[in-house]
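Chemist: Sequence:
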Amino acid sequence: MKIYYVLFLLILFSINNFSQEITFIPRQSTVNDTIGDEVVIYIDLANERNIQDRRYVGFDELSILRDRIKSIDPQRLVTASQGGDISEEELRKYLETVKIDFITPHRPRHEGSPQQTIDKTKEYFSMMQKIGRIVPLHYQEPFRRGYGSWNPSAEDFIADLKNAKDNGATGWCFHNGDTRDKKDGRPRRSFDMRSEEGRLFDQLDEVEIKFINNANSVINDDN
264 MKIYYVLFLL ILFSINNFSQ EITFIPRQST VNDTIGDEVV IYIDLANERN IQDRRYVGFD
324 ELSILRDRIK SIDPQRLVTA SQGGDISEEE LRKYLETVKI DFITPHRPRH EGSPQQTIDK
384 TKEYFSMMQK IGRIVPLHYQ EPFRRGYGSW NPSAEDFIAD LKNAKDNGAT GWCFHNGDTR
444 DKKDGRPRRS FDMRSEEGRL FDQLDEVEIK FINNANSVIN DDN
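Per our numbering, the very first residue in the sequence shown carries number 264; after that it's consecutive.
Mixed in with the good hints, there may be bad ones.
[What the hints assert, rightly or not] Using 20 angstroms as the maximum straight-line C-alpha spacing, the simulated EDC-like pairs for lysine to aspartate or glutamate come out as follows:
{"id": "1", "residue 1": "Lys385", "residue 2": "Glu352"}
{"id": "2", "residue 1": "Lys356", "residue 2": "Glu311"}
{"id": "3", "residue 1": "Lys446", "residue 2": "Glu460"}
{"id": "4", "residue 1": "Lys428", "residue 2": "Glu418"}
{"id": "5", "residue 1": "Lys393", "residue 2": "Glu351"}
{"id": "6", "residue 1": "Lys362", "residue 2": "Glu352"}
{"id": "7", "residue 1": "Lys445", "residue 2": "Glu460"}
{"id": "8", "residue 1": "Lys356", "residue 2": "Glu386"}
{"id": "9", "residue 1": "Lys356", "residue 2": "Asp323"}
{"id": "10", "residue 1": "Lys362", "residue 2": "Asp348"}
{"id": "11", "residue 1": "Lys333", "residue 2": "Asp323"}
{"id": "12", "residue 1": "Lys385", "residue 2": "Glu353"}
{"id": "13", "residue 1": "Lys393", "residue 2": "Asp348"}
{"id": "14", "residue 1": "Lys393", "residue 2": "Glu353"}
{"id": "15", "residue 1": "Lys362", "residue 2": "Glu311"}
{"id": "16", "residue 1": "Lys385", "residue 2": "Asp348"}
{"id": "17", "residue 1": "Lys428", "residue 2": "Asp348"}
{"id": "18", "residue 1": "Lys393", "residue 2": "Asp364"}
{"id": "19", "residue 1": "Lys362", "residue 2": "Asp323"}
{"id": "20", "residue 1": "Lys425", "residue 2": "Asp382"}
{"id": "21", "residue 1": "Lys385", "residue 2": "Asp364"}
{"id": "22", "residue 1": "Lys446", "residue 2": "Asp468"}
{"id": "23", "residue 1": "Lys333", "residue 2": "Glu359"}
{"id": "24", "residue 1": "Lys425", "residue 2": "Glu374"}
{"id": "25", "residue 1": "Lys445", "residue 2": "Glu459"}
{"id": "26", "residue 1": "Lys362", "residue 2": "Glu324"}
{"id": "27", "residue 1": "Lys356", "residue 2": "Asp307"}
{"id": "28", "residue 1": "Lys362", "residue 2": "Glu351"}
{"id": "29", "residue 1": "Lys425", "residue 2": "Glu386"}
{"id": "30", "residue 1": "Lys356", "residue 2": "Glu324"}
{"id": "31", "residue 1": "Lys333", "residue 2": "Asp364"}
{"id": "32", "residue 1": "Lys362", "residue 2": "Asp330"}
{"id": "33", "residue 1": "Lys473", "residue 2": "Asp441"}
{"id": "34", "residue 1": "Lys385", "residue 2": "Glu351"}
{"id": "35", "residue 1": "Lys445", "residue 2": "Asp465"}
{"id": "36", "residue 1": "Lys362", "residue 2": "Asp307"}
{"id": "37", "residue 1": "Lys428", "residue 2": "Glu386"}
{"id": "38", "residue 1": "Lys445", "residue 2": "Asp455"}
Because the hints were derived from the structure by calculation, they are not lab data.
Make a model of the complete structure from these sequences and hints.
Modeler: Here's what the structure looks like:
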């Protein structure tokens with residue numbers, strides 16, 4: 264079996280409000296011109312769009328954004344990520360109103376999360392079958408180290424990746440970021456890629472490196 268490794272690039276564009284986002288969309292097509300065709304780029308219409316703060320974007324607004332992007336770049340993959348698990352009612356709106364190409368829940372970040380991924384993955388596909396439209400499932404921002412009181416082990420990362428893959432998820436993200444209980448947030452990992460912060464892999468701790476060194480065995484396991 265041939266294994267393909269694909270680089271997915273996530274670029275976050277900072278905006279102040281919805282009206283500015285509408286006018287900004289046409290310029291996103293220039294990202295491909297700048298980076299080239301070797302990188303797969305998808306657009307997340309709104310990161311954790313359900314959170315009730317400045318991040319919030321309603322389903323009707325998401326639909327407008329999605330249509331605007333598709334009118335410019337019909338083949339561009341589009342999603343809208345959700346902070347937390349997605350209910351059946353929300354899932355129906357993602358699939359029928361916004362018409363996203365794949366779903367991207369950000370699963371809860373607690374000790375029981377890796378084992379819950381088994382049933383939660385099955386539940387998503389069951390709900391999609393009931394709704395009548397099945398799209399890929401990408402676990403975009405699962406738990407990570409440095410986020411809260413629970414710091415997952417390498418075995419937790421492995422279990423979550425395996426449970427997602429074995430139960431039909433198309434993608435899983437090794438999420439990493441700043442250290443929230445440190446005043447300066449260091450190491451900030453992928454949240455701060457300025458040269459003075461050093462290479463990403465130099466910022467990862469021994470647990471994260473251990474997971475990375477063992478992840479390939481899960482990815483290539485067809486059993």
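Chemist: Confirm or reject each hint.
Modeler: Checked hints:
| no. | hint | in the structure |
| --- | --- | --- |
| 1 | Lys385 with Glu352 | holds, 17 angstroms |
| 2 | Lys356 with Glu311 | holds, 15 angstroms |
| 3 | Lys446 with Glu460 | holds, 15 angstroms |
| 4 | Lys428 with Glu418 | holds, 15 angstroms |
| 5 | Lys393 with Glu351 | holds, 9 angstroms |
| 6 | Lys362 with Glu352 | holds, 14 angstroms |
| 7 | Lys445 with Glu460 | holds, 15 angstroms |
| 8 | Lys356 with Glu386 | holds, 17 angstroms |
| 9 | Lys356 with Asp323 | holds, 9 angstroms |
| 10 | Lys362 with Asp348 | holds, 18 angstroms |
| 11 | Lys333 with Asp323 | holds, 16 angstroms |
| 12 | Lys385 with Glu353 | holds, 17 angstroms |
| 13 | Lys393 with Asp348 | holds, 18 angstroms |
| 14 | Lys393 with Glu353 | holds, 14 angstroms |
| 15 | Lys362 with Glu311 | holds, 17 angstroms |
| 16 | Lys385 with Asp348 | holds, 13 angstroms |
| 17 | Lys428 with Asp348 | holds, 17 angstroms |
| 18 | Lys393 with Asp364 | holds, 17 angstroms |
| 19 | Lys362 with Asp323 | holds, 11 angstroms |
| 20 | Lys425 with Asp382 | holds, 13 angstroms |
| 21 | Lys385 with Asp364 | holds, 19 angstroms |
| 22 | Lys446 with Asp468 | holds, 18 angstroms |
| 23 | Lys333 with Glu359 | holds, 16 angstroms |
| 24 | Lys425 with Glu374 | holds, 16 angstroms |
| 25 | Lys445 with Glu459 | holds, 18 angstroms |
| 26 | Lys362 with Glu324 | holds, 12 angstroms |
| 27 | Lys356 with Asp307 | holds, 16 angstroms |
| 28 | Lys362 with Glu351 | holds, 15 angstroms |
| 29 | Lys425 with Glu386 | holds, 17 angstroms |
| 30 | Lys356 with Glu324 | holds, 12 angstroms |
| 31 | Lys333 with Asp364 | holds, 11 angstroms |
| 32 | Lys362 with Asp330 | holds, 9 angstroms |
| 33 | Lys473 with Asp441 | holds, 19 angstroms |
| 34 | Lys385 with Glu351 | holds, 13 angstroms |
| 35 | Lys445 with Asp465 | holds, 18 angstroms |
| 36 | Lys362 with Asp307 | holds, 13 angstroms |
| 37 | Lys428 with Glu386 | holds, 14 angstroms |
| 38 | Lys445 with Asp455 | holds, 15 angstroms |
No hint from the list above goes unmet by this structure.
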